[in-house]
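Going line by line, the protein sequences match chains A and B.
If you read the first sequence in our numbering, its first letter stands for residue 174, the second for the next number, and so on.
If you read the second sequence in our numbering, its first letter stands for residue 174, the second for the next number, and so on.
Take the hints with a grain of salt, since some may be wrong.
Where chains are identical, the list cannot tell them apart; a pair therefore holds if satisfied intra-copy or between any two copies.
Under the rule of at most 25 Å between Cα atoms (straight-line distance), these lysine to any residue pairs were calculated in the SDA-like manner [unchecked claim]:
| hint | residue 1 | residue 2 |
| --- | --- | --- |
| 1 | K294 | R515 |
| 2 | K443 | S321 |
| 3 | K203 | I301 |
| 4 | K297 | D254 |
| 5 | K195 | G232 |
| 6 | K398 | R268 |
| 7 | K443 | P511 |
Simulated from the structure, these hints should not be mistaken for lab results.
All of these numbers come straight from a predicted model, not from anything done at the bench.
There are 2 protein chains.
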Amino acid sequence: MSDPRFADLPTPCLLLDEAKMKRNIDRLAKHADALGVALRPHLKTTKSVEAARYVLKDGNGPATVSTLAEAEVFAAAGITDIVYAVGIGLNKLDRVLDLHRAGCRLTVLLDSVVQARAVAKASKDAGIAIPAMIEIDSDGHRSGLSPSDPDLIEVGRILHQDGAELAGVLCHAGESYSAVGKEAQSEYSEAERLAVVSAAEALREAGLPCPVVSVGSTPTAHAAKDLTGVTEMRAGVYVFFDLVMAGIDACRIDDIALSVLTTVIGHQPKHGWVMIDAGWMAMSRDRGTANQAVDQGYGLVCDEDGNVLPDQIVAQANQEHGIIALRHGSDGTMPDLPIGTRLRILPNHACATAAQHQRYHVIPETPGAPLMTWERFGGW
Amino acid sequence: MSDPRFADLPTPCLLLDEAKMKRNIDRLAKHADALGVALRPHLKTTKSVEAARYVLKDGNGPATVSTLAEAEVFAAAGITDIVYAVGIGLNKLDRVLDLHRAGCRLTVLLDSVVQARAVAKASKDAGIAIPAMIEIDSDGHRSGLSPSDPDLIEVGRILHQDGAELAGVLCHAGESYSAVGKEAQSEYSEAERLAVVSAAEALREAGLPCPVVSVGSTPTAHAAKDLTGVTEMRAGVYVFFDLVMAGIDACRIDDIALSVLTTVIGHQPKHGWVMIDAGWMAMSRDRGTANQAVDQGYGLVCDEDGNVLPDQIVAQANQEHGIIALRHGSDGTMPDLPIGTRLRILPNHACATAAQHQRYHVIPETPGAPLMTWERFGGW
Numbered sequence: 174m175s176d177p178r179f180a181d182l183p184t185p186c187l188l189l190d191e192a193k194m195k196r197n198i199d200r201l202a203k204h205a206d207a208l209g210v211a212l213r214p215h216l217k218t219t220k221s222v223e224a225a226r227y228v229l230k231d232g233n234g235p236a237t238v239s240t241l242a243e244a245e246v247f248a249a250a251g252i253t254d255i256v257y258a259v260g261i262g263l264n265k266l267d268r269v270l271d272l273h274r275a276g277c278r279l280t281v282l283l284d285s286v287v288q289a290r291a292v293a294k295a296s297k298d299a300g301i302a303i304p305a306m307i308e309i310d311s312d313g314h315r316s317g318l319s320p321s322d323p324d325l326i327e328v329g330r331i332l333h334q335d336g337a338e339l340a341g342v343l344c345h346a347g348e349s350y351s352a353v354g355k356e357a358q359s360e361y362s363e364a365e366r367l368a369v370v371s372a373a374e375a376l377r378e379a380g381l382p383c384p385v386v387s388v389g390s391t392p393t394a395h396a397a398k399d400l401t402g403v404t405e406m407r408a409g410v411y412v413f414f415d416l417v418m419a420g421i422d423a424c425r426i427d428d429i430a431l432s433v434l435t436t437v438i439g440h441q442p443k444h445g446w447v448m449i450d451a452g453w454m455a456m457s458r459d460r461g462t463a464n465q466a467v468d469q470g471y472g473l474v475c476d477e478d479g480n481v482l483p484d485q486i487v488a489q490a491n492q493e494h495g496i497i498a499l500r501h502g503s504d505g506t507m508p509d510l511p512i513g514t515r516l517r518i519l520p521n522h523a524c525a526t527a528a529q530h531q532r533y534h535v536i537p538e539t540p541g542a543p544l545m546t547w548e549r550f551g552g553w
Numbered sequence: 174m175s176d177p178r179f180a181d182l183p184t185p186c187l188l189l190d191e192a193k194m195k196r197n198i199d200r201l202a203k204h205a206d207a208l209g210v211a212l213r214p215h216l217k218t219t220k221s222v223e224a225a226r227y228v229l230k231d232g233n234g235p236a237t238v239s240t241l242a243e244a245e246v247f248a249a250a251g252i253t254d255i256v257y258a259v260g261i262g263l264n265k266l267d268r269v270l271d272l273h274r275a276g277c278r279l280t281v282l283l284d285s286v287v288q289a290r291a292v293a294k295a296s297k298d299a300g301i302a303i304p305a306m307i308e309i310d311s312d313g314h315r316s317g318l319s320p321s322d323p324d325l326i327e328v329g330r331i332l333h334q335d336g337a338e339l340a341g342v343l344c345h346a347g348e349s350y351s352a353v354g355k356e357a358q359s360e361y362s363e364a365e366r367l368a369v370v371s372a373a374e375a376l377r378e379a380g381l382p383c384p385v386v387s388v389g390s391t392p393t394a395h396a397a398k399d400l401t402g403v404t405e406m407r408a409g410v411y412v413f414f415d416l417v418m419a420g421i422d423a424c425r426i427d428d429i430a431l432s433v434l435t436t437v438i439g440h441q442p443k444h445g446w447v448m449i450d451a452g453w454m455a456m457s458r459d460r461g462t463a464n465q466a467v468d469q470g471y472g473l474v475c476d477e478d479g480n481v482l483p484d485q486i487v488a489q490a491n492q493e494h495g496i497i498a499l500r501h502g503s504d505g506t507m508p509d510l511p512i513g514t515r516l517r518i519l520p521n522h523a524c525a526t527a528a529q530h531q532r533y534h535v536i537p538e539t540p541g542a543p544l545m546t547w548e549r550f551g552g553w
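Between the sequences and the hints, there should be enough to build the whole structure, so can you do that?
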């Protein structure tokens, strides 16, 4: 099969399957509803205003971002309730205030007295109470205070009393990305919940407010069974899914909505290699499946229609060359892929692969409808 | 020391040291002169018109590129002698012809009868003889015909007789990136030379022209001792250099002209971690030093002025979080790096790290002079 809509696309380029994306979005929205929590999708994966409209509940929020550039683009598009879920840099407070002045309620994240003092002072000086959440650590993955850390109350007090707004507590179980299967992931979810609920209780016992209690990662959001005490959950990569998520059973291969369209440019028969025009610049250098049970190389190969070619992976990548080979240990055979054949490559990590591209070519849910083009952005 | 010129830069961002870049450029230009070959720098590393002016001999060429997007941008900037050094996709010939019509002599690369026929036919149909080089393989790294492959003569004959222009032969010893030290690299250089010279002789013996005999990679270009029979050499990453190149002794750490400016955003004292706002989105996912003698994590940490902080590496990276820790096995101690401290991170792979950014902030050779901003581009 050859899709005539792809004939004019330059390769490599990014394809997005609208139907799969909608299915992924619906699934988590329903799960959040069933658990009785709000969903605050993370827009760092898509970085596209068009995609954000699908992801956000009423098309305008609430949302999570990973950079101020994202906050600025999405605020300009009318999204006014945004959590910037990376510890706030002291050099970024002027831009935070500018976003507030432009009508966006941007909530910052922090885990130290130094940051709390700076946010409180900037708030006081500007006459704008910057909402701030305290980051809580449940798994030793990166940032955040332990719920029992004495700094928690001090940070909360500074925010609440010195000019800022203590908006709540937030936790991200990044270690859940290495937990295989729903049972293991639900343990991380419960650890997330216990950490933030315990921190929220400690703040409230100290007479401080803690309206928002936020948890989330794609694996824990889907695996959560009970979120008592939690008010919202966050997830990002679930919109597209990817091979890393499939490798821990957070999705099926068939759920992956993002792929890279590529063209065969050569062969090295002596090695059993097929050369394509998607190298690491198109796929990213992410090798997130390298330590999983099934190593997908730089991506799993599908035909132009998205059907997986068994055991064919992008085994090696140079900047603009991908090398397709049989997975190590496979007893399959290489199919005949003549020069000029178009293929799709499923990515290890959707956030990383999408970031290498400037736009999505969207395959509409309606069969045969013309492709749509959605611009994406990067930067900080 | 705190450089006031950095105070207004958003972090993370890309810094480029003009003096080091010029030194790197001069060194290879002199070596090419001494060897009696032309230098055709690869612009895939810089992807910046301003940087290209420094790299190219007269500011306008000759040049090598890795994408048609690069060819189009550089052609529009007046660079008219470009080799597109990735096997030509049959879907890209219209854009190749458009570049010729716009006055750019774009040479394509191929290694098969199928491609040669398509290039010859496109040439004939358009009345434009597309120059094409035949890719030769010297080390089993990726594409290219072995010099003794019978297809070599057939490909050459098709190009020469059927409407295209047989421009020569080209080889890239990609395996040289794993060869440590000048002696080992010079063996790859000699293998490159032998492969292309032998292919050129075979073509000439068959009565075909072979005006250009091209070799190159950053390690082999610097290590080459004798290039008899070769007419030009190519290299790309030497303009900036990086930790991978330093790890194989192709440069010193002090030669690395590119770094990522970042800000400390937190600490995890129980782990000995310093959190920075440069994660893998700013550094890229490239872990090219992982298999070298010294694993530099996601980058080597320097103070704001570029002085290496011994044994401090970006040990882990999330999308927008970098985690600085002591190198495994180090008996050093973590310095005091308060929140707000600016640092520079040297990258594993300059091509990959630069590709994550939209511009260079250039530190001029003249001490204290204002920073320059050079835009860079991506895409295909």
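State whether the alpha carbon distance between K443 and S321 is at most 25 Å within one copy, between copies, both, or neither. between (61 Å within a copy, 14 Å between copies)
As a check of your reading, is K195 near G232 (CA-CA no more than 25 Å) within one copy, between copies, both or neither? within (13 Å within a copy, 50 Å between copies)
Is it within, between, both or neither when you check K297 against D254 at 25 Å Cα-Cα? For K297 and D254, the Cα distance is within 25 Å only inside one copy (21 Å; across copies 59 Å).
Intra/inter-copy verdict for K443 and P511 if alpha-carbon distance must be at most 25 Å: Only inside one copy: K443 and P511 sit 16 Å apart there, 56 Å across copies, limit 25 Å.
Intra/inter-copy verdict for K294 and R515 if alpha-carbon distance must be at most 25 Å: between (57 Å within a copy, 21 Å between copies)
Within, between, both or neither, where K398 and R268 count as close if Cα-Cα is 25 Å or less: neither (38 Å within a copy, 54 Å between copies)
Are the CA atoms of K203 and I301 at most 25 Å apart within a copy, between copies, both, or neither? Neither way: K203 and I301 sit 36 Å apart in one copy and 59 Å across, limit 25 Å.
Going through the hint list in order, the structure does not satisfy hints 3, 6.
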